Amino acid sequence: MFTSRRGFLEVLGLATGGMLLRNTPLGIGTAHAAGTDPKFMLLVYFSGGWDQLLSLDPRNAALTQYQRVSGRAPTSGIEPAYAQTAAETPFVDTVMTTTGGTGVQTRGNLTFGPAVPDTMLNHSADLCVIRGMNMDTLTHEVGRRYLLTGKFPRGLAASGSSLNTVVSAQTGALGDIPNISINTESYNEGLNPAASSVRVASYRDMLTVMQPQSGTVLPATSEAAVRGFEDTDDTCEQHGYDVSGLVTAFKDSRRLSRQLAQPAKATLFDFKFPVPAGLTDLFTAFNLNVSGDLNTVRGRAAVAGQALVNGVSNVISVELANGLDDHFDLFSQQAVSQRDGWDALGRLISYLKGKMVPGTTKNFWECTSMMVFSEFSRTPLINTREGRDHHLTSSCLVAGPGIKGNTVFGASTNTGMGIQKWNFATGAVDASAGAVIRPADVHATLLDSMGLSYSHRSHQTPRVIGAIQKP
Amino acid sequence: GEPDYINVVDENLEASTLYQKFMGDMARDGCTRTANADGALAQNNRVLMRFVGLTDTVTSNRAGVDSNLRYLKLRFHGVKVAPTDTASLDKLRTVFDSAVRGVAGTNTPTAAHVKEGWRAVCVALITAPEYHLY
Chain A
1 MFTSRRGFLE VLGLATGGML LRNTPLGIGT AHAAGTDPKF MLLVYFSGGW
51 DQLLSLDPRN AALTQYQRVS GRAPTSGIEP AYAQTAAETP FVDTVMTTTG
101 GTGVQTRGNL TFGPAVPDTM LNHSADLCVI RGMNMDTLTH EVGRRYLLTG
151 KFPRGLAASG SSLNTVVSAQ TGALGDIPNI SINTESYNEG LNPAASSVRV
201 ASYRDMLTVM QPQSGTVLPA TSEAAVRGFE DTDDTCEQHG YDVSGLVTAF
251 KDSRRLSRQL AQPAKATLFD FKFPVPAGLT DLFTAFNLNV SGDLNTVRGR
301 AAVAGQALVN GVSNVISVEL ANGLDDHFDL FSQQAVSQRD GWDALGRLIS
351 YLKGKMVPGT TKNFWECTSM MVFSEFSRTP LINTREGRDH HLTSSCLVAG
401 PGIKGNTVFG ASTNTGMGIQ KWNFATGAVD ASAGAVIRPA DVHATLLDSM
451 GLSYSHRSHQ TPRVIGAIQK P
Chain B
1 GEPDYINVVD ENLEASTLYQ KFMGDMARDG CTRTANADGA LAQNNRVLMR
51 FVGLTDTVTS NRAGVDSNLR YLKLRFHGVK VAPTDTASLD KLRTVFDSAV
101 RGVAGTNTPT AAHVKEGWRA VCVALITAPE YHLY
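Chain order of the listed sequences is A and B. Letter by letter, the first sequence follows residues 1 to 471 of our numbering. Letter by letter, the second sequence follows residues 1 to 134 of our numbering.
If you are wondering where the hints come from, they were derived from the structure by calculation, not from laboratory data. Quick caveat: nothing in here was measured; it's all calculated off a predicted structure. Treat the hints with caution; some may be incorrect.
Claimed, not checked - Below 20 Å or equal to it, Euclidean Cα-Cα: the simulated SDA-like pairs (lysine to any residue) are: (1) A:K251 - B:L133; (2) B:K91 - A:E223; (3) B:K80 - A:D234; (4) B:K80 - A:G108; (5) B:K80 - A:R154; (6) B:K80 - A:H239; (7) B:K91 - A:D234; (8) A:K251 - B:R33; (9) B:K91 - A:S455; (10) B:K91 - A:D233; (11) B:K80 - A:E223; (12) B:K91 - A:T235; (13) A:K251 - B:A111.
With the sequences and hints as input, model every part of the structure.
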């Protein structure tokens with residue numbers, strides 16, 4: 001029936017592959033080690049380069065320096081354009097009304113633009129906004145990979161392991177699928193294979209990963225015989241191929257793959273209508289009411305929530321907004337896309353707050369560290385096509401048990417939203433002895449706050465932002 | 001794993017856990033179909049049971065089982081096992097025998113039971129490193 005190995009694989013529509021050298025993986029553990037605080041990681045990506053004026057770095061649109069006068073660009077070089085957005089986006093119009101025309105939503109020490117909904121604003125006490133971060137690039141792939149790994153890419157190619165993989169590796173790669181990437185990139189450079197992410201796009205992919213394909217279940221005795229062979233098979237050929245550790249890595253990942261198929265837990269991701277009894281709360285939490293909702297960013301957030309609270313994964317990276325690269329016609333699209341993403345994230349945080357970590361007195365959010373980012377921001381002035389172009393100075397959002405909430409660190413300048421230098425210990429502007437905020441600094445700060453090492457970035461000379469860390 | 005040269009410029013050659021999971025699924029599915037197909041074919045046209053009868057077991061025809069295992073080792077892994085070398089076949093023989101006994105229990109193995117044995121051998125061969133490293 002099959003004349004060759006390649007023919008065998010081609011018939012089944014699967015590609016062959018080779019292997020890369022990887023370190024020996026750590027042992028497989030449960031969702032968290034007993035006697036210690038569990039560590040979860042949430043990495044959230046807003047794809048396309050966000051207009052931070054609508055979210056993390058707003059400006060008071062009522063001030064003259066941020067308004068066009070006689071058709072001329074604002075003197076500050078910053079044009080929030082909230083009114084133009086409000087004209088095409090009802091919820092922004094509502095925010096403009098409630099904020100008296102400023103467009104700035106204030107919660108404690110934090111200010112947000114009009115695209116951030118209440119579902120996210122309600123968590124302000126836990127959030128830390130970092131502003132005035134220098135992205136050093138205006139290229140989508142470069143910016144994305146720079147923030148994922150904390151190291152500037154080599155051309156377009158990512159350099160180093162992404163933050164989710166680093167956290168997974170250092171926390172023991174726990175969970176059935178230790179690291180899940182939902183529609184995001186992930187990189188593993190030299191870390192144990194167990195920490196590599198499994199990339200999925202939606203709940204359907206989770207079912208594919210966690211269920212054996214139809215007709216592929218062997219009787220228990222056959223399965224045991226095959227596994228016994230896999231665990232003990234040791235041939236001369238394997239030793240020959242293993243000079244660089246290839247076979248060892250292959251066998252390690254083969255052993256780890258056995259835990260992927262979890263038919264019982266796969267039902268956690270069997271999103272459908274009518275809603276299965278066990279998913280009612282989840283669907284309510286993420287406002288999933290019709291089939292179309294399952295493929296929205298709220299559906300992705302629901303997958304992330306399910307994976308975290310059910311011990312499937314300890315580290316999740318997820319794309320919660322896309323299509324933000326609005327070089328034209330920004331007013332009708334940007335705020336909507338951002339709002340959907342912030343709403344999904346707010347619901348996810350609420351969901352994590354409502355679930356207790358087994359064996360502890362803490363909820364999942366209390367044990368979760370988070371970074372929310374985009375590859376760069378958008379120009380503070382509107383271009384000739386009613387859009388915004390790429391801008392170097394961006395913001396990000398961090399949170400976690402080791403991060404102070406209700407805190408802002410850094411700021412873009414009030415002229416042109418440029419970069420400033422900061423004292424990382426005090427949080428004050430320091431033009432002479434301060435430093436520019438970089439992605440490597442954010443990575444180091446977050447990892448340090450989790451009690452994890454950031455030595456893999458030592459060649460980037462990262463600076464921990466002590467001002468935002470809890471003592 | 002192929003790069004699109006838009007977002008990905010490197011070919012992903014990693015034998016990730018997901019790759020292994022899919023390979024395992026593929027092996028089980030493909031071996032099931034192949035074992036089922038063999039039953040209707042003449043012996044010299046079979047893929048898995050080329051040098052054995054459909055009801056041959058280790059007990060009834062060890063030499064035939066070993067010959068078939070040598071053939072499968074050559075076909076799947078490109079490794080030639082000498083006719084006098086039986087030790088190299090021990091582990092695969094154990095897979096076959098355990099799988100047959102597992103489904104036959106205390107009964108005399110039938111063709112269906114023997115088929116299960118060769119299916120298990122097929123899966124073991126495909127999920128082995130030698131199948132992927134060539």
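Query - Which numbered hints fail - result: 4, 5, 8, 9, 11, 13
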